[in-house]
Amino acid sequence: MRGVGILEPSAEELFAGSKDPVATEAVNTVLDTAGIEGVEAMVIPIAGSERQLAIFTVDANASAGGISTQADAEIFLTDTLSQLAKANRENDLGIEHVAIDLLGDSGENLLVFTAPQVIVEAYAEGTISRREFLSQVEIDFSNLISAAELRQLIEEGS
Amino acid sequence: MFSLIRKIHNLGRHPGRAALLVLLMLLPLLSACEDDGLVEMVAEMALEWAQEKKLVAVSGEGDISVDWLQVGLYEGQRGINFIRGRGATTGDETLDAALDVAPIAKSIRDADKYAAEGMESKDPAKLDQAIKQRPDDWSYLDQKASILAANGDSDGAKDAIAESENLVDERIANGGSCRSLKQNMLRGREQALEQQLASDPENPVLLDLLARTRAELYALNNNESNSPCP
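Chain order of the listed sequences is W and D.
Residue numbers 1 to 158, in the numbering used here, belong to the letters of the first sequence in order.
Residue numbers 159 to 388, in the numbering used here, belong to the letters of the second sequence in order.
Quick caveat, the hints were computed from the structure, so don't treat them as lab data.
Heads up, some of the hints might be wrong.
[Said to hold, decoys possible] So the derived label-pair ranges between C-beta atoms look like this:
1) S312/D / E50/W: 30 to 40 Å
2) A71/W / K280/D: 24 to 34 Å
3) D32/W / G234/D: 35 to 45 Å
4) N91/W / A369/D: 19 to 29 Å
5) A369/D / G65/W: 41 to 51 Å
6) P261/D / G48/W: 29 to 39 Å
7) D105/W / R370/D: 44 to 54 Å
Cβ atoms here follow ideal geometry from the backbone N, Cα and C, with glycine treated the same way.
With these hints in hand, go ahead and build the complete structure from the sequences.
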């Protein structure tokens, strides 16, 4: 049944273990060094494999100092992703997948982006374009739809 | 944030649901920091992603139109997979599960909060709340062990450590990396014991457990004959 996708493991099963304290600290150090605020990383082992998932939780007030244009931002983003890729390789952190958990003002989830680490690294190193990168990213926005519809109902009712 | 919602909601010639999708793509990113180039770029990327998936189209004049059929199909596929017990659509089971990671991250943040309070107050009941939240996460058992040791309950600490090791051994037996998981567990235990020793540096139970933990870590990192991962 697993082969036809009926019994694939859930997120609760795959990510039930403890954060890797060394990998988590290494990734957060890269973020701190880059001057990013409002983003917290955690690296969790993936059950049944030797690899790990890095989750970046981005709060509603996240920021990075010194960025004033989108050109600056793209350079900054790819530089930071390169530093994360370097930390992953040099420290053998075992990060295979990346997820971004974007929070709203009340701490509720709005969006989740996910991508294989190899795709993130290829984008950071310039071997694939932003468009190719985006074609391999997945985004879950179902919570945002719910939140937006709820707010519309509130507005219509007021 | 609500004023921004109204602003975006009233923007266009597509009030109602179409504006909702514009809002859907941009709201969290714009509201995070309107003048931040990094955030604007991420918003742009989310919109590009939606275009790639053909969920929206952007005209030459910059007007955004929504293909609600595609949005429905995309969300419908996720609904079907949810009924199947899966989370998403990619065909890669880890990536699929990663799309559903938000409640996991929240659960960890909540459990970490209980654990931090317990470590500060040396209250094992707080760690029990964290363990209840994340029953397969051995780090809370190791933190509980450090509190019990700090309180002089050597047997209780050893029991909690044994439970932690059972969880890790079970994961190794199911295909996890012995070296990585043991290092994860031992480093977490070492940090918890060090934290308790900071306020009670002469505690003999804590000192004994820390010495044992470091000896295991040394054996693991140096491939000694007594390494837990031969």
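For each hint, the structure was consulted:
1. Remark: the range hint 30 to 40 Å for S312/D to E50/W is upheld by a beta-carbon distance near 34 Å.
2. A71/W and K280/D have their C-beta atoms about 52 Å apart, which leaves the hinted 24 to 34 Å range violated.
3. Against the hinted window of 35 to 45 Å, the Cβ-Cβ separation of D32/W and G234/D comes to about 41 Å, which satisfies the hint.
4. In this structure the hint that N91/W and A369/D lie 19 to 29 Å apart at CB holds, the actual value being about 26 Å.
5. A369/D and G65/W have their C-beta atoms about 43 Å apart, which keeps the hinted 41 to 51 Å range intact.
6. P261/D and G48/W have their C-beta atoms about 20 Å apart, which leaves the hinted 29 to 39 Å range violated.
7. Distance hint check for D105/W and R370/D: the Cβ-Cβ separation is about 46 Å, which falls inside the suggested range of 44 to 54 Å.
Checked against the numbered hints given earlier, the structure breaks hints 2, 6 and satisfies all the rest.
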